[in-house]
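Using the hints provided, position chain L relative to the given structure of chain X.
Here is how the chains run, residue by residue.
Protein chains: 2
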Amino acid sequence: MASLGDIGVSALINIITAFAFLIAFALLRIQPINDRVYFSKWYISGARTSPRHDNIVSRFVNLDCKTYLSFLNWMPQALRMKEPEIIQHAGLDSAAFLRIYLLGLKIFGPAAIVAFLVLIPVNVSGGMLFFFSRELVTRDIDKLSISNVREKSPKLFAHISVMYLFTFWSCYMLYKEYDVVASMRLNFLASKSRRVEQFTVLVKNVPRIPGRSVSNTVDCFFKKNHSTHYLCHQVVYNANKYARVVRKRQKLQNRLDYNRLKFERHPEKPPTRKTGFLGLWGEKVGSIEYYQKKIKELDEKLTTEHHKILNDPKRIMPAAFVSFNSRWGAAVCAQTQQSKNPILWLTDWAPEPRDIYWKNLAIPFVSLSIRKLVISLAVFTLVFFYIIPIAFVQSLANLEGLEKVVPFLRPVIELNFIKSFLQGFLPGLALKIFLWLLPGILMTMSKIEGHVAFSVLETSTASKYYFFMLVNVFLGSIATGTAIEQLQSFLHESPTQIPRTIGVAIPMKATFFITYIMVDGWAGMAGEILRLKPLIMFHLKSMLLVKTDRDKTKAMNPKSIDFPEAIPSLQLYFLMGAVYAVVTPVLLPFILIFFAFAFFVYRHQVINVYNQRYESAAAFWPHVHTRIVASLMISQLLLMGLLSTKKAVNSTPLLIVLPVLTLTFHKYCKSRFEPAFRKYPLEEAVEKDAQDEGSEPTVDIIPYMCEAYLHPVLRSIEEFELFELGIDNNQSHIPNQQLPTKPVSGSHSPISEQENKGSPKMQQHVEVAVEQHQTAHTCHHKKSTLNMDVTHY
Amino acid sequence: MASLGDIGVSALINIITAFAFLIAFALLRIQPINDRVYFSKWYISGARTSPRHDNIVSRFVNLDCKTYLSFLNWMPQALRMKEPEIIQHAGLDSAAFLRIYLLGLKIFGPAAIVAFLVLIPVNVSGGMLFFFSRELVTRDIDKLSISNVREKSPKLFAHISVMYLFTFWSCYMLYKEYDVVASMRLNFLASKSRRVEQFTVLVKNVPRIPGRSVSNTVDCFFKKNHSTHYLCHQVVYNANKYARVVRKRQKLQNRLDYNRLKFERHPEKPPTRKTGFLGLWGEKVGSIEYYQKKIKELDEKLTTEHHKILNDPKRIMPAAFVSFNSRWGAAVCAQTQQSKNPILWLTDWAPEPRDIYWKNLAIPFVSLSIRKLVISLAVFTLVFFYIIPIAFVQSLANLEGLEKVVPFLRPVIELNFIKSFLQGFLPGLALKIFLWLLPGILMTMSKIEGHVAFSVLETSTASKYYFFMLVNVFLGSIATGTAIEQLQSFLHESPTQIPRTIGVAIPMKATFFITYIMVDGWAGMAGEILRLKPLIMFHLKSMLLVKTDRDKTKAMNPKSIDFPEAIPSLQLYFLMGAVYAVVTPVLLPFILIFFAFAFFVYRHQVINVYNQRYESAAAFWPHVHTRIVASLMISQLLLMGLLSTKKAVNSTPLLIVLPVLTLTFHKYCKSRFEPAFRKYPLEEAVEKDAQDEGSEPTVDIIPYMCEAYLHPVLRSIEEFELFELGIDNNQSHIPNQQLPTKPVSGSHSPISEQENKGSPKMQQHVEVAVEQHQTAHTCHHKKSTLNMDVTHY
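Taken in order, these protein sequences are the chains called X and L.
Numbering follows full-length UniProt numbering, in which position 405 of the first sequence is assigned residue number 405; successive positions increment by one, without gaps.
Numbering follows full-length UniProt numbering, in which position 553 of the second sequence is assigned residue number 553; successive positions increment by one, without gaps.
So that you can see chain X by itself, here it is in the shape it has in the complex:
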């Protein structure tokens, strides 16, 4: 058991680290040369451009001394922007993400006050207030926790009461928060201007009818079953191979540009390379000619491939994006069952075009079930047995193994100092690498599962990551032994024994978790704001690759908030808080500081740095809510186990009520709020439709519909680049006024113009477009008669 003094030392070290990071950040961010790293969001939104200075030095270094004095002013700045502005500026996902931290403060703030006023005095003594006495500070931290209370003591009822209070307070805050976020979501969706995804439904598992194309099948089906609302559709092309070739071409183009630049600088020495593997051997040729030839070859390949995509019926996936002439029609189609066979014609809302994970659009229904099974088994195995391969690698990666691989380093390795360092370092290395790779592995698993949108992929990854953290970080730290050993012992213990085993260990691990909070939370957040890795990458890229403004944008690569990692880590703090609120309340202030600090940091980052790849309108909130409720229930069960070891058996009925109530609360919230996140109410759809009719009745939305859901690589290579970077090109927004430059009908769709700008010429699938426009116009005509009908009614 660590004393309070030990924790003080640890806190000091971490606070110093955090401050060092903060000062570094404060100094670096005011240097103009780092501007694009720390304010990338503003560059992307176009509010900031490269600063122009006369002085060459002032382009790189900030020479204005005054700004150095106010180096901590980012904190008030981060608070200045109001929530509605943040939603406007960065989207609802970011705003809702920030609210999780606020929720933490709201739940644990009052909890900390009550716990400090009631529980710590009770724990320390017979409830008398010699709480502020000098002795206390140097005492064991356990004196402040429930461990200090004697067995069968009636004082334990104070803990039970506080648990009740805490549960009710948490549920109240969770309910309020869910309510607020749900209405924020509805308002956000309502305030959005017309966007294609509001009118579009993704249809999967279109049946293959022999002798008819997918496009034709879809058209017939929806003309028949949604006759008055169906507008047009876009079939999904399997362009994965094409996209791979395009990516390859981009790489070659990049090398070509680099070589040309080199040649411009040194015209006397034309760059050469060898034709063999990786340019290591083979005939020596001029680089520029070599790459030009390669690119030409690829271009030919691209043309045939493009032709194939448009003409080979096998390249058309049994899925389609079906657009409707009103939100009502789309809402109806997304929520109803279409076909007599429930696994055909599956409809769901189409994700935003930039949110789509194109590769997964063609997975058949049976395969999806199998994939889900396989992946859930794989996740289970990963969580409980990941230690086996790592232990195996560790056994290989020891000093002897190293000496065999690099025998010439033997004298160095044999040095005592280095040897002990390596012995301490090597075994951990495999684990570190694994943990670093973990989010990627989990994301791959989610991709195999077959979700079709990045937002869903990230939510699914977050769930898996949380499960891993819960078992291996939280329970793993409390119980002894590895996860497999725990699993083994849990299988052979009685169900009532499990919470008891863990419950007993909980108060003893408080210091560990306090340290964890300081290292992972405090210092980690300070590291987050410093953005060391992106900073270095940006400067490296700037030096080596950047030639145009466009390249600079690419080099910034601001990324989105890392939801799959950030949300589960954050929820681990909720779990710790809930578990220790009653057991060892001294942990709460550390968590509160984390929540407050992280809130500042992320608010700053959301405003200045991150650029969200997609906007799901806080679709992750139900998961957040569910997992916080689960944390509450875990804490209740563990407290029950802990109290049963205190022989307060008569308290069990009192405590058993809590999980039941919490579960009921969860179920109620689920039916009360979740539909707002899964479905789109018809009332809302009708209102928005009516608004549109009133304000801009003449806009022809068809051209936007038909193109928005084309695979970006089939539009133009530039668009594809932007798509891969996750930058919104506003393609999915339907303007209020028709832009005069964009013709609205026939085969001259806007995309053909964009193509002419500079990227390689690609064939346009004219046939489809023409057919779609014809269909669409018929529908549109019908729509206006329908609308008149409604108005006259």
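One copy or two, it doesn't matter: identical chains are merged, so the pair holds either way.
Cut-off 25 Å, straight-line C-alpha distance, at most; resulting in silico cross-link-like pairs (BS3-like, lysine-lysine):
| no. | residue 1 | residue 2 |
| --- | --- | --- |
| 1 | K248 | K274 |
| 2 | K224 | K192 |
| 3 | K667 | K447 |
| 4 | K340 | K679 |
| 5 | K296 | K241 |
| 6 | K340 | K667 |
| 7 | K224 | K679 |
| 8 | K340 | K192 |
| 9 | K340 | K176 |
| 10 | K372 | K176 |
| 11 | K670 | K372 |
| 12 | K670 | K340 |
| 13 | K223 | K679 |
| 14 | K679 | K667 |
| 15 | K248 | K314 |
| 16 | K269 | K294 |
| 17 | K447 | K432 |
Derived from the structure by calculation, the hints contain no laboratory data.
Keep in mind it's a predicted model, so treat the numbers as computed, not measured.
Chain L only, in chain X's frame:
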């Protein structure tokens, strides 16, 4: 352990009992006097009327000797009707119910063959076939079961293989059956002529808007959000109190009739009664005048109450039946979310009018959640702790208690013979009464839960009953001690220990279950076909009450199939079969005989006796499927436990695969077939709508819509009587041709005519009807323009 001989004796006794019942049935059913008991379905469908005989004796007794010779010919008769005819005759619910027994035969028939060919030889010896030797028959039954196999024997892999085979075979049959039933359901729904429930949606939780009536709110909402499809609506009146008064009046009327009859027979002695409590004391008055006065009072009360219902806004519940002009419109409304607030405007398909449980239509959303919680806790308590109050009652109802209550019987009770009889009888009495009351208790619980249709109530009761049987009959028979003790020990045992504890006991309990199958299954089924209780009740009623043909129909009271009891009991046999298929295969023939015999019996009853109260189109099938799959998984876990005691530890990985696969199969089936039972595909709706348009485009469906969902008591007392008896009056069927006798618009709706027939005059809620017809006609006009639009398209 019973020997095979013991079981032979038991089988003989039960077979004799069953045969006695069967012969009694065969003799009784051909007596004309019992005709209405054994062929009630035909009387209700109108295919059979009271037989007319010249001879007074032949009206009561069958004198044709020939018919006595062929007294077992009901069996082939029961098979003669083909399945489509049964569906036509008795509905899909009955046909699907019969298929469960066939499914049992299909699953366990081949399983029995394989088990007998493979497992019994393996169990008996080293796999050698001295299986048919004479010795065997007299041996212990355990010699035939897995108990006979030595520990760690490799023969256990034969059992594992058979378990695999059995699981795959069962899943294959289940899948095929689900497929068949799902398509039967779709065909059935498609073949149905127009019925009101196809066009109607039940809307619950209509918000109360101050200053506006519910009717007005509903009208505005649907006119706005389903403008082109909304037709009319029927608000729900709280007529529960009114119905109570009507029931009271019916009782009085009955007594009045009885007294009048008495007076007619004995005009010299007018019947009298006392005015006090139960007619036991007070002033003596003439019975006829007394009842006439009482009825007059009630009639006045009814008039005011009826007036109140129609005029008091508080009597209008926040729910409504909303009708649409097409199945498409109704399907859309039933499947989508209407309001921004997910707990308002909840829509779902309206049940058939005769299926509605009117009392539960007004429960608000929050109350529903609480009710669900309370009832699930209550069911848990009931299942695990029901023994406590019963033990308490038992402790009271002993001989001493009896002697205190009836001291004058003391000498009789003290007789040794009677004493020992009572001692054996009394303690069991409380339990017997409880078990007899149980289905009623569970049904009441389901009603409190707040389901709005009888079909759902019965499914929900069936689930509860199955849970009770699983814990108290199946597990209770295997494990020792009461359910509470088991719960206690399970909580303190490790999760792997539980299947082991039960698994070990399983082979030992085989003889018990064989006896159970013979008593509950064989003899029970024979009792079912005899219908002793309805037979006695019918003759009692015929003697005492019956005056008109209508009364005779009432006295028949054929009832429906008792789904809440029949389905769970039946599924218990699936569970036993699955568990013992591998462990003690000799049990299988007994189950097969049960399934075959029960199939005959129920087929006969379905054709000749039962009159289903409602038609849910096999809506219970997903539950049946789920519980059979659950039985499979239970059997797999128990086999795993059993094998682990055989120290065949290396078989665990092999067996752990099975539950996982079974669960996946279940999930797949759920998503593959369940939507067919919960939703109504738009494709189907459009097809049916188009058919209607083609065949009978001129029918005005509005009058039927508006009345079908009026509380039956508000229509006329006669209808209410029929409703309470569960007899379909075909009110919900929309005829193809308009009947010339029924005026279709204005306030002269068909119901007002029926009212004049003889039941007390009731006020008609003319205002509402008029308003509805006006609304409806507007809509209808719009509908035809819409249809033209579609046809022209």
